[in-house]
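K.L.:
Chains as they are written, first to last, in my numbering: chain V, 105 to 551; chain D, 105 to 551; chain R, 105 to 551; chain H, 105 to 551.
Keep in mind that the hints were calculated from the coordinates and are not lab data.
Given the structure is predicted, the values throughout are model-derived calculations rather than measurements.
Any given hint might turn out to be false.
Same chains, same label: a pair holds when it works inside one copy or across any pair of copies.
[Unchecked claim] Cross-link-like lysine-lysine pairs, in silico, DSS-like; alpha carbons within 25 Å at most: (1) Lys-518 to Lys-318; (2) Lys-518 to Lys-477; (3) Lys-318 to Lys-477; (4) Lys-380 to Lys-224.
There are 4 protein chains.
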Amino acid sequence: MEIEIATVGGYEEVGRQMTAVRMDDEIVVFDMGLNLSQVLIHDNVQTETMHSLDLIDMGAIPDDRIMSELDGEVTAIVPTHGHLDHIGAIPKLAHRYDAPVVATPFTIELVRDQIADEDKFDVDIDLQVMNAGEQMRISDQVQMEFVNVTHSTIDAINPVLHTPEGAIVYGLDKRLDHDPVLGDPIDMKRFREIGREGDGVLCYIEDCTNANQKGRTPSESVARKELHDTMLSLEDYDGGMVATTFASHIARVSSLLEFAEEIGREPILLGRSMEKYTGTATNLDVALPDNIEMYGHRRAIDQSLERIMEDGKENFLPIVTGHQGEPRALLTRMGRGETNYDFDNGDKVIFSAGIIPEPTNEGNRYQSERLLKMQGARIYDDIHVSGHLSQEGHYQMLEALQPQQVIPAHQDLKGLSGYVNTANAFGYEVGRDLHLTRNGNIIQLTE
Amino acid sequence: MEIEIATVGGYEEVGRQMTAVRMDDEIVVFDMGLNLSQVLIHDNVQTETMHSLDLIDMGAIPDDRIMSELDGEVTAIVPTHGHLDHIGAIPKLAHRYDAPVVATPFTIELVRDQIADEDKFDVDIDLQVMNAGEQMRISDQVQMEFVNVTHSTIDAINPVLHTPEGAIVYGLDKRLDHDPVLGDPIDMKRFREIGREGDGVLCYIEDCTNANQKGRTPSESVARKELHDTMLSLEDYDGGMVATTFASHIARVSSLLEFAEEIGREPILLGRSMEKYTGTATNLDVALPDNIEMYGHRRAIDQSLERIMEDGKENFLPIVTGHQGEPRALLTRMGRGETNYDFDNGDKVIFSAGIIPEPTNEGNRYQSERLLKMQGARIYDDIHVSGHLSQEGHYQMLEALQPQQVIPAHQDLKGLSGYVNTANAFGYEVGRDLHLTRNGNIIQLTE
Amino acid sequence: MEIEIATVGGYEEVGRQMTAVRMDDEIVVFDMGLNLSQVLIHDNVQTETMHSLDLIDMGAIPDDRIMSELDGEVTAIVPTHGHLDHIGAIPKLAHRYDAPVVATPFTIELVRDQIADEDKFDVDIDLQVMNAGEQMRISDQVQMEFVNVTHSTIDAINPVLHTPEGAIVYGLDKRLDHDPVLGDPIDMKRFREIGREGDGVLCYIEDCTNANQKGRTPSESVARKELHDTMLSLEDYDGGMVATTFASHIARVSSLLEFAEEIGREPILLGRSMEKYTGTATNLDVALPDNIEMYGHRRAIDQSLERIMEDGKENFLPIVTGHQGEPRALLTRMGRGETNYDFDNGDKVIFSAGIIPEPTNEGNRYQSERLLKMQGARIYDDIHVSGHLSQEGHYQMLEALQPQQVIPAHQDLKGLSGYVNTANAFGYEVGRDLHLTRNGNIIQLTE
Amino acid sequence: MEIEIATVGGYEEVGRQMTAVRMDDEIVVFDMGLNLSQVLIHDNVQTETMHSLDLIDMGAIPDDRIMSELDGEVTAIVPTHGHLDHIGAIPKLAHRYDAPVVATPFTIELVRDQIADEDKFDVDIDLQVMNAGEQMRISDQVQMEFVNVTHSTIDAINPVLHTPEGAIVYGLDKRLDHDPVLGDPIDMKRFREIGREGDGVLCYIEDCTNANQKGRTPSESVARKELHDTMLSLEDYDGGMVATTFASHIARVSSLLEFAEEIGREPILLGRSMEKYTGTATNLDVALPDNIEMYGHRRAIDQSLERIMEDGKENFLPIVTGHQGEPRALLTRMGRGETNYDFDNGDKVIFSAGIIPEPTNEGNRYQSERLLKMQGARIYDDIHVSGHLSQEGHYQMLEALQPQQVIPAHQDLKGLSGYVNTANAFGYEVGRDLHLTRNGNIIQLTE
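My request is simple: use the sequences and hints to build the entire structure.
P.N.:
Here it is as structure tokens:
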């Protein structure tokens, strides 16, 4: 069987991920993502109304024109989880292919939302749910399996294509977590089996976001423990307390909800993306409380904050957007005094999030914290663990899968240099079985 | 009552801590520490055989000649815990004063060890045990109380002098930990009482080691959780595994011992200070297993490592000295290939310790890790939480104690600038009720 | 004579500098500055139309209400140079005092501009020119002298008040430069005389912006040398070249103009502040070429860029605003493609400026460089030296002046900790003769 | 013609550089270097008495066993300049090949010294001098040319092999300097010619030490200007002054000698490598003063320092070894008080050197500066420019040479990632015409 991999997008950067695997006549596409920072660097850009070619020129979505060089038909479009850099380009690009989007339930719901927001194209795409552990027939010779993984959102999987030449494992994005708070642990047993059954793994594509980080990314349960420790230590505080985190990080939001109750505060989710992600999770019945209060529209948020002030802010934990200090997010607006939530000296603000390391974010977050401190707030920051593997996770994945070929992704050369060192320890060599690729390349695996 | 505080040592630096409080005719001395880095910067210095005046000139021990300016008698010498920067100068200085050393049981045992090692002076000092929660009469008018605190060693307390003018709280060193793994949580209830009873707190002396750190130092239970997560993730590894941590950090050592058993490895403590601290803790019956194997002398260590290699290193977890990459510590020697422990590719080394932030340590640690990696070892580093308060801990202590006067300690001006900001939030002002002092100063609190 | 110093503003921060010295009944005010970052952190704030009390509340201008506690009349308002953090509050505050603004010619012209822009108050202030080296009678007993210093703008001085109790030297802002490219070297000879004549120096107020920088700030002639080296190395490049620097840094602009000619390019100054500062300097006949082209208004800038593109950008060096990556500055707009200047691959952009170290600036500058690189531009950055003393400059100033009392300014405690160490080397002690003050304090020097 | 390049050493690291180019039957070897840090990480290693195979195992010298896979005879061994990482393995490896060492005069003398120090092997190697600008016949079809370049030592060249298939340019190490203080500017004119004559450049091997540095490495004349500015600013100081720099940096040493005279101090070079490199330069008549005093042996150094103290240290400028804080170098020993040079408060120490960025060096330098400061010395550091190209230098080299193939060297993948970005700007792609190689690889250029 002839197998080629087109590294369409996300191979020199984080963002706008897209990969196509051609196996003879069948093509499976993994992810169609958006690089939001390429959008935000411009002023006043509304992606919803933009044409895909303009977004490609901006570097915001994958340049899928390379697909015409692959001689086959797209059978499925498979986003691995619901983050924007994996699903954000679906409304712009997916309709060009006559293929369903196949994903886990939570991811499918988020794709549905994305498509609903789209203004430019009339998008009519078939959405198919498939769960971790399940398989799907791609062709006579190829099966696709979803292996459960753990990430900073729920319902993440790594798709595996079982071909006559061996398995192709698409490893974006994950952390190696045996105690992920919500959902099942990463299925290392299955990865080890795949590495040893049949012809083993022909090719492994890896998430190198943290490839230069030493050691091991801790489990979500460690972040939960620290969050618990922090919030309990503030149990006696009888003033305002506000928390922020990634809206899509349902496990973290769930911990925040739970601990808020434990210290006697009513949690309220505020902000557009809080409502979107948590609302979606609630509808899917993902072990969240039934009756979470959440508001996404400006007016409803304002009313909720007003009620909090009236009823006594010591009784509430608003969980809000703005963890990166985004200038227009709710927490930043609260810091700027633009809402009717007033901070008093000593009020607590919990950032259950790290700063995504980029000077723009660092500048925004600095401004946001400075505004909050000018109002007397006390900051508890970086109560968080990453959603991506560090070097020892990469080491363990290579040990489990023993792939014949490896393709690191999701970073520029500097960012993935640590991955190359890790792979070298197993004897992989750049240019032989370790492929440093770029956007728009095609790698021929078998002939 | 006339009250003066002499900030003898440790007020411009970490190390060689010493403070004297004169209340009319009675003086209580807190800590007599050693600044080891001032010793190590020189070649081949043996402190055991050196005269105190030479050590004072080197900046290694407190310059206690300022004590002659205090018009009173020393009633007690009170080290707050057993770290060298708090007890290391006792053999050199304590015998000049006709006063007992009063401390918690574990600290007393470590002081006893220190004195036994002393070669220069014939030291004959009265050692008195006093437990957290207990009180001791200093004079007709003054009582001393030990309040239980949490730190990176066990049996740490903050002494409080109850005087007619209010309480003097000596706050070095601590973290605000409600779940410290070994021992009781920090006694915040008692601190809050002290802040509110009688005349409240006249003066508070604070540990500013981490005063420029934002947020809250996590509980030891968070480090334990991460350590557990890490070690369990390596449960299936059937090669060598080595751990290192602070020998005096009995709670951490205890977690390492426990998790080693949990993953089916026999823990063995190796290295001179491992034997010293853990041996002392075992003798005191501090919730450690009865039968820990530990070796401190070179020959016994060599034999133990030989046995590990013979019996199969996959069955053992050597817990060794060398967490800062000290050039002569066991782990560094293992990395350099000077012992009979052989690393294979993929063997694991766990640094359950942070790097104490100083370029010398960073250079040493880098060399040590480089040696280990040259032998194929995989590094898990920084599985640790600090033993010192961060800014929000300082905030909570000021809120609990409401002291009239504050003296930050244990840092130079840059290091404690964050503390001044925190204290400013309560209205304290430098030069009025917030004293930026130096070694060798006397601060008059009442006349 | 009774002498007090009110440290009104700029003593915990860079920005909104203001200091008042009362000598019996006479008061001299040094600087009335604006902290622009306190303005920019809010959205859409127009300082020109705001009331001073609101600006005080924002932390943007000095809170001069403390002045009512000084029992005397303001005789003169003396800005030391023309930067906004030294003159920006004059239109808001100066009219409250019945006193002239006294400054060097270039500074006076910039004050005049500031006042002309003011929309809120009708400002009618007497502006008096006084040159470096000249003296002015403040009262029977007090003379004011201007000593020539070197800074990152021209015509900077340090005012000295000669009182019967000794001299008061106001040392903000300066670098110790013996070869400043434009203007005279720093007058160290005069400082040394002042330190030794009569009663010497009673008090010295020092610019601590760079107090944590080791070594010596290099001379402007070193930056000029590096700029020359860089531009000459690009002599053969026949595409676009753009430079940016601080508009008020007349010496640097002058070097850029000169080297542009040397490599056969016509320099054009573009941007509002380029026109303002260089235009002011040209009117004063400050050794700049007669016929510099400069445009400050949007339409004129656009036309100029259009002409550059038409005539061939290889013949021009636009010198533009935007060295900090300010989002609305010209260079950033050029990077965003909002002007008709097109970058080709390989075009050169020279940042003859450092990043003022603050995450906001770093974020802005990162964005600006990213935009420029996306268009193919090559970046030459950090061709610059600071305008402020580093530690060895502080050391030399203390050696020259031998002041009895020292007041460090222009930084928070962390920022000036390096100054305290330097002063300690001469025996100064915090709280005795080294005053760590805050905004709104009064320090009594003599009674 | 069949052309292969063996990247023997120095392709994943700085140090132990060695490259072999086979052109049909003829092989030319560029550099045979030593990685000193791999030696120093062990205790008490004397390379002079060690066998080459042991040094290869330590990673200290190139593993030249790969040479047996090249089917040809070594015609010449060509070190490009005299630094240890380019010549240090010659005594261990060169005698295996029946070929002369061909280099510029200064380099040849340093190779001669290296060989004389060798204890293990009887080394008998033919040393041939060839100057920049000259050519040498390698075979009927191949000429070797030396192109003059500029680096942090004198007499550096880039060898070029003119083959029927185009030129092979070996580009290690250099800076692009048009005003290098000593010697001629870099010969960019010749590089541009080589890029355009005949078949142009077949392959370019580039020095990527600074490939992640933005902008342009300044000229040595900029460092000289800053050194002049610093030393002149200290002209009036009448106490001790000590300088340190790279001993092999003859241009810098020359500037120090000159400026010492200018401020009325007698310069004396002290330390073993100071004597070695400057002595060698003096013998070659390289524009250094005739009568420089220099001492390399311990006793002579001690006597010299004693005389300095007796005659008045205000009259001297000792220029000493120890710029990286090496624990046994002279400056560190002076800091530790092990010599008879006494520092007084205010004495000046000038580090005309950067810290080579590695934690070990940073730790050593920190210790050294701390020792000096404990004695009252004032530190002027980092008066230096690098000897290696930054990104814009790489850009200009690629523009000049327009090579068909590029091989970046002298860094690991992270270190050279910036080079890949720069090369991408010209359309080079990893794996096609941009070769990311490792030690021990062979790259076939033509068949």
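K.L.:
When no copy is named, should Lys-518 and Lys-477 be tagged within, between, both, or neither for a Cα gap of at most 25 Å?
P.N.:
between (35 Å within a copy, 17 Å between copies)
K.L.:
Within, between, both or neither: how does the pair Lys-380, Lys-224 come out at a Cα-Cα threshold of 25 Å?
P.N.:
within (21 Å within a copy, 46 Å between copies)
K.L.:
Between Lys-518 and Lys-318, at a C-alpha cutoff of 25 Å, which is it: within one copy, between copies, both, or neither?
P.N.:
both (15 Å within a copy, 14 Å between copies)
K.L.:
Between Lys-318 and Lys-477, at a C-alpha cutoff of 25 Å, which is it: within one copy, between copies, both, or neither?
P.N.:
between (33 Å within a copy, 12 Å between copies)
Consistency note: the structure conflicts with none of the earlier hints.
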